[in-house]
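Given the structure of chain A, go ahead and fit chains B, C and D onto it with the hints provided.
4 protein chains.
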Amino acid sequence: MRDENLDLIKNIQKSFSRLSKGQKLIAQFITNNYDKAAFMTASKLGNKVGVSESTVVRFANALGYEGYPQLQKELQELIKTKLTTVQRLEMSQDYTNEGAVLKKVLKADMDNIKATIEEIDDEVFQNVVNSIFDAKRIYIIGLRSSSTLAEYLGFYLNLILDNVKIVTPGVSDVFEQMLRVGKDDLVIGISFPRYSTNTLNAINYTKEQGAVVIGITDSQVSPIASISDYTLVARSNMASFVDSLVAPLSLINALLVAVGMREKDEISSTFDKLEKIWEKHNVYNNKNTI
Amino acid sequence: MRDENLDLIKNIQKSFSRLSKGQKLIAQFITNNYDKAAFMTASKLGNKVGVSESTVVRFANALGYEGYPQLQKELQELIKTKLTTVQRLEMSQDYTNEGAVLKKVLKADMDNIKATIEEIDDEVFQNVVNSIFDAKRIYIIGLRSSSTLAEYLGFYLNLILDNVKIVTPGVSDVFEQMLRVGKDDLVIGISFPRYSTNTLNAINYTKEQGAVVIGITDSQVSPIASISDYTLVARSNMASFVDSLVAPLSLINALLVAVGMREKDEISSTFDKLEKIWEKHNVYNNKNTI
Amino acid sequence: MRDENLDLIKNIQKSFSRLSKGQKLIAQFITNNYDKAAFMTASKLGNKVGVSESTVVRFANALGYEGYPQLQKELQELIKTKLTTVQRLEMSQDYTNEGAVLKKVLKADMDNIKATIEEIDDEVFQNVVNSIFDAKRIYIIGLRSSSTLAEYLGFYLNLILDNVKIVTPGVSDVFEQMLRVGKDDLVIGISFPRYSTNTLNAINYTKEQGAVVIGITDSQVSPIASISDYTLVARSNMASFVDSLVAPLSLINALLVAVGMREKDEISSTFDKLEKIWEKHNVYNNKNTI
Amino acid sequence: MRDENLDLIKNIQKSFSRLSKGQKLIAQFITNNYDKAAFMTASKLGNKVGVSESTVVRFANALGYEGYPQLQKELQELIKTKLTTVQRLEMSQDYTNEGAVLKKVLKADMDNIKATIEEIDDEVFQNVVNSIFDAKRIYIIGLRSSSTLAEYLGFYLNLILDNVKIVTPGVSDVFEQMLRVGKDDLVIGISFPRYSTNTLNAINYTKEQGAVVIGITDSQVSPIASISDYTLVARSNMASFVDSLVAPLSLINALLVAVGMREKDEISSTFDKLEKIWEKHNVYNNKNTI
Chain A
0 MRDENLDLIK NIQKSFSRLS KGQKLIAQFI TNNYDKAAFM TASKLGNKVG
50 VSESTVVRFA NALGYEGYPQ LQKELQELIK TKLTTVQRLE MSQDYTNEGA
100 VLKKVLKADM DNIKATIEEI DDEVFQNVVN SIFDAKRIYI IGLRSSSTLA
150 EYLGFYLNLI LDNVKIVTPG VSDVFEQMLR VGKDDLVIGI SFPRYSTNTL
200 NAINYTKEQG AVVIGITDSQ VSPIASISDY TLVARSNMAS FVDSLVAPLS
250 LINALLVAVG MREKDEISST FDKLEKIWEK HNVYNNKNTI
Chain B
0 MRDENLDLIK NIQKSFSRLS KGQKLIAQFI TNNYDKAAFM TASKLGNKVG
50 VSESTVVRFA NALGYEGYPQ LQKELQELIK TKLTTVQRLE MSQDYTNEGA
100 VLKKVLKADM DNIKATIEEI DDEVFQNVVN SIFDAKRIYI IGLRSSSTLA
150 EYLGFYLNLI LDNVKIVTPG VSDVFEQMLR VGKDDLVIGI SFPRYSTNTL
200 NAINYTKEQG AVVIGITDSQ VSPIASISDY TLVARSNMAS FVDSLVAPLS
250 LINALLVAVG MREKDEISST FDKLEKIWEK HNVYNNKNTI
Chain C
0 MRDENLDLIK NIQKSFSRLS KGQKLIAQFI TNNYDKAAFM TASKLGNKVG
50 VSESTVVRFA NALGYEGYPQ LQKELQELIK TKLTTVQRLE MSQDYTNEGA
100 VLKKVLKADM DNIKATIEEI DDEVFQNVVN SIFDAKRIYI IGLRSSSTLA
150 EYLGFYLNLI LDNVKIVTPG VSDVFEQMLR VGKDDLVIGI SFPRYSTNTL
200 NAINYTKEQG AVVIGITDSQ VSPIASISDY TLVARSNMAS FVDSLVAPLS
250 LINALLVAVG MREKDEISST FDKLEKIWEK HNVYNNKNTI
Chain D
0 MRDENLDLIK NIQKSFSRLS KGQKLIAQFI TNNYDKAAFM TASKLGNKVG
50 VSESTVVRFA NALGYEGYPQ LQKELQELIK TKLTTVQRLE MSQDYTNEGA
100 VLKKVLKADM DNIKATIEEI DDEVFQNVVN SIFDAKRIYI IGLRSSSTLA
150 EYLGFYLNLI LDNVKIVTPG VSDVFEQMLR VGKDDLVIGI SFPRYSTNTL
200 NAINYTKEQG AVVIGITDSQ VSPIASISDY TLVARSNMAS FVDSLVAPLS
250 LINALLVAVG MREKDEISST FDKLEKIWEK HNVYNNKNTI
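Residue numbers (numbering that gives the first Met the number 0), protein chains in the order written: chain A, 0 to 289; chain B, 0 to 289; chain C, 0 to 289; chain D, 0 to 289.
To be clear, the hints were calculated from the coordinates, so they are not data collected in a lab. Remember, predicted model here, so these are calculated numbers, not experimental data. Among the hints, erroneous ones may be present.
For chains that are exact copies, the list does not tell them apart, and a pair is met inside one copy or across any two.
Unchecked claim - Derived pair list, reagent style SDA-like, types lysine to any residue, alpha-carbon separation capped at 25 Å: (1) K102 x D120; (2) K135 x N10; (3) K135 x L160; (4) K206 x N281; (5) K35 x V220; (6) K135 x K182; (7) K113 x R57; (8) K113 x A99; (9) K102 x I116; (10) K43 x E265; (11) K164 x K272; (12) K23 x N200; (13) K13 x E52; (14) K103 x G209; (15) K113 x D133; (16) K135 x D6; (17) K275 x A37; (18) K135 x F38; (19) K106 x S14; (20) K135 x Q208; (21) K275 x R17; (22) K272 x R136; (23) K272 x I119; (24) K164 x Q176.
The following block holds chain A by itself, in its conformation from the complex (with noise of 0.2 Å):
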């Protein structure tokens, strides 16, 4: 059996030494414009490409899939992220009533985290909780919905270290607030689709600096990824309008976690102090309620 969170586009260079030479012309075609193969028959992708339409359906096989519509559903499960809108709000499913999508969403949120641990790379997870405690200054940006996401990793960062600036529009523009990154410097760059350009703009930015990259992204073949030393991926598929950050979430949970777990310590009298101002000030509720 096919596992389904094989990405299709590794398996396409991994296959393709040992394809016929008219299945490297679709192999070759569908990497450079897999947006517009995922939405042809076998019969008008053999034609574009010039080989015949079996030809293009021993090529599915010859990657692992029962035949071309298989094939096809992975390329569009593929592009889907890079949808606009408009078109993702038409491909969104019709559910029958609110309790199912109540159910669907989560259980497909709940796919995204289970695809993000059989995905995640250990060593580069490690490498990233390294460079963290190697940086000089620490820079986290991320716009637009992912911006939700910078400020709760930046929330909690500020906690443990003392070095963490969160980058967000505001009277400064995101370049100014870049502006002094250097070679000593990490930056961690949070991008999922739509990918925002002025996200992918800074971060160029701050590569051209020396600065080292950490990309949070939805896949290998995201913008950001192919700026990025380091690059953590985690799903953020939604068949809707909405990019779900469930997965993406959990993953910076754990890298709190991990980098929490390293200064065990000495974070443990910063709380000690944060309780002692949080009481005074009265910020949490601390009345038993039941």
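Chains B, C and D in isolation, oriented as in the chain A frame:
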């Protein structure tokens, strides 16, 4: 077998009438002092209430637990979210390495979503969706780490509806931003441990003004639940200094998809307008990046 | 003696009909290329336009200047606000000491207010107040340093009126926040040198949607003035890298007092409600401190 | 003629030694209860203190006032900034029309700047500039309407220096953002009537941690003045519900120009870098618009 998601306090209340007189004393003590009881031995608890140790054990059995240690574990689980950060840091597991952290945290978040699916009330969810469409104005308030959820919910709800206001601390404080809330308005309060006092104060004010209140929180016994017209419960357990907002975020996704589904035809034209603006101002990266 | 606050360009336009043919050529060139003319000698300017150097000098006299150097100084003054920050830093005076800086900057700001009083059009101001009361919804937008003015205006206007929205960059971008602006709405755009492109783009969008636009800016020839229904001009000259927003802030004070004056009886009850909230939550320090 | 900007309380203190015994009793009562005294008749005040009405009148004369009404007017002026918003709204003048409002408000702001120039202490200003360059880290805090000043000061200071942090309410509260403040750090607190309690609490915390505190406020007797190492006073009088921050903004301009002047050569290269970024990303509108 016991349902692990059964709420201990509800279980006590349900079983109350068929308990012995001594067991009833224990039940009352636990209900009022569960945070203390959680750290007492059976003997000490019996002593405190004035019953024998074996009465305490039989009380645990009567509630369906194998013994007192199992009941105590559940009590500790219950209060975990109300511990100080320092206490929680001390309670957090010592993971052998960062790969282990990663997988355990993500699995814990999957469990949080699973428990949320099992416990959520479809009818309440449907009522919440209805009340969103019935409201004159919708205020969303969440402070501290919960503000990231409020911003996320507000970001998408603002794309669908034209009467949504995210209440965030800024130049104006939260009361000023909610000053004119009235009985035709809906307030969505997001409150997770350790419950922000300001959120509760603000929600109380809106309740006094007659607004309908939806609480998104971690249990039916959280402070906000007692003043909400509808309470949506999502689990936030995390054995560390971080409060996991993963299941709450997934619940919010479901809420957004359900609201969007009802307005599918109307919002399609809104998104169409947005796509043109986004394209004109190059908001999203459109380059294929394989 | 010439009124130093006389607007050079208006002066040229007013004097145009009584200029000689050669002087008219100079007038047209300056109006269209004042930034270049500001750095040309009389001889070079004459050369460019095709007239003699003495015609240039007589042109300066005709406008009321002692000679060409005085006219040129005024041109340089005019463009100061549109120079790059580096150019402006180079132009800034070398003060002998910090006490001198202090007094000169404060005096310059008094002059900015004085010039604003002399130039402001009472009727436009009254129309602006009227349009605030006529609007269905009021959007306030100012970005970069002008966002501080937008926040200030919005903070107080929100205490008086219930239909005010401050547009600030955040999770949603400025276009999304103004998406539903329509012909019954009012947009107050605050735009000072060096004029933010995003503000102008956003104002242009609202203009296309039919909204009434009030521009608060530094001159009748600023980019926002050309797309505003009403333009309120406040001086922001400052011979340094800082754009002084002092006179604009004073103008906003006047706008707030004028709006508040009309609603005096109604807002008194709002403030009464606020005072109770402020007192309950200890927002203000009430201790006498002598 | 009396200097209208003479501080009444200082005047009382200066004159104290040469007052009669009965006058001294009045002086002490007023110093401690100026807010009550401001609304007492000469007869009532004498009664309260246990002296005759004519002693009260002679006390007014001894301080340089024509009579008691003039002294009382000054007392009322003094407390204006500490009145509730409702009281201030009731006290505000009834202007005959909006043109009158406009000119009176702008003139009042010019007077505020004028008084600020007359009262400011050059040496303190110079010490403030020095302390900015001596600090390890610089925190800027201002809440409610004063947050606009904090943002403005921070926006420009961030362009000049690399160790500036604006403290604004957000996901993290103000204490968390200042948690690690220490004795090598500088805190600039901006606090104008009606003084925000949170600002004062935060400043007190930083003082306890040993930080140097600069207070930017409206008088030497404001709450923040008593805990500041250096106090910069700028007038904020406004006979309405608005607190005018015009003179404070002008003072901040002067501070920025003075700081920038010292770093002229160094910051020129920073601005050069910024200009390239601004141009690349089209931050400013560059079209000549005449």
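Exercise. Which of the numbered hints above does this structure break?
Worked result: Structure breaks hints 2, 7, 10, 12, 14, 15, 16, 18, 19, 21, 23.
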